[in-house]
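Novice: All chains, please: the whole structure from these sequences, using the hints.
At position 24 of the sequence shown the residue is numbered 24 (the UniProt record's numbering), and the sequence of numbers has no breaks.
It is worth saying that the hints were derived from the structure and are not from the lab. Incorrect hints may have been included.
Derived CB-CB ranges, DEER-like [unchecked claim]:
#1 L57 x T126: 33 to 41 Å
#2 L97 x G278: 42 to 50 Å
#3 S102 x H226: 36 to 44 Å
#4 V209 x D45: 37 to 45 Å
Just so it is clear, the structure is predicted and the values come from calculations on it, not from any experiment. We treat Cβ as the ideally placed atom computed from N, Cα and C, and that holds for glycine.
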Amino acid sequence: MTQTAPKDTPNIDWATLGFSYIRTDLRYLSHWKDGAWDAGTLTEDNVLHIAEGSTALHYGQQCFEGLKAYRCQDGSINIFRPDQNAARMRRSCRRVLMPEISDEQFIDAVTQVVRANERFIPPYGTGGSLYLRPYMIGVGDNIGVRTAPEFIFGVFCVPVGPYFKGGLTPQNFLVSDYDRAAPHGTGAAKVGGNYAASLMPGQLAKDTVIDGHHFADALYLDPETHRKIEEVGAANFFAITGDGCFVTPKSPSILESITKYSLLWLAEHRLNLSVEEGDVYIDRLDGYTEAGACGTAAVITPIGGIQYGDTFHVFHSETEAGPVTRRLYDELVGIQYGDVPAPDGWIVKV
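Specialist: See below:
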């Protein structure tokens, strides 16, 4: 059932908004059956009704995305690089044998959800945004280990503030003994199993205190050699060398972050830094003056220090972001909120 969203302002304290679920007015659903997607619709119902044998429940056949819409100073709305999320979702779908969604349907669905829930977009200047969660799940009557007979593609949204408390405040991370993903597994796909595997090590990191240092999440090394940095919690890693090079890991186990590739471009073309995507060894942290975690949810979170075994390595500072990290943050966020000119194709106006 399609309804027009109410126009009154929601009772939300934008200044204290965190990263948690808030029910919004409408969400998008489309069903795949008999080899095709239907036209899709908006609905008020935030509960899915699916068969008990659905492959999403038993065999993890699902994937999801995350992107944001932003209120600009002139009152308009920006969606940041939705075509890149659409492309990454297609890659995830191929990896777990689900039907793909076209750019056109993906962007149309996202745009419909933003328009229908415009009153939930945090006002310009609050630092908040409207987080969009597209997802796909395998559904239908089934029991064997096989691809599903039917699928649901959905998009819902939630107004959010910073993922890590404190915004652009450095966080510490603990190198985990656990692996986030298997070699040649699904690490490069945005599927739920990768995140389920990270829940326990992430909680262990948050529960750990070493020499007075607390940790925001786990840092994962490559699953084959345990020598190279891969991901930081649910975000990608980057570092700045002493001679001004933006460095970030490259691995078939890493989810390719749209934020990271945006920062790579900005570092090279706006900040005139050299850039390098390759191996980042955990025992060579002394070569970096700054480091950070980046992603749609985290945006940029400066890394104050990394605990690796008995050694705690501090980068720029445990209390403030480094100068290059701050410049990258200001450039990226400025583009997202419409205050800085965007490269061609990076912004979809709603």
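Novice: All hints, please: hold or fail.
Specialist: Here is what the structure says about each hint:
{"no.": "1", "hint": "L57 x T126: 33 to 41 Å", "in the structure": "holds, 38 Å"}
{"no.": "2", "hint": "L97 x G278: 42 to 50 Å", "in the structure": "violated, 31 Å"}
{"no.": "3", "hint": "S102 x H226: 36 to 44 Å", "in the structure": "holds, 40 Å"}
{"no.": "4", "hint": "V209 x D45: 37 to 45 Å", "in the structure": "holds, 44 Å"}
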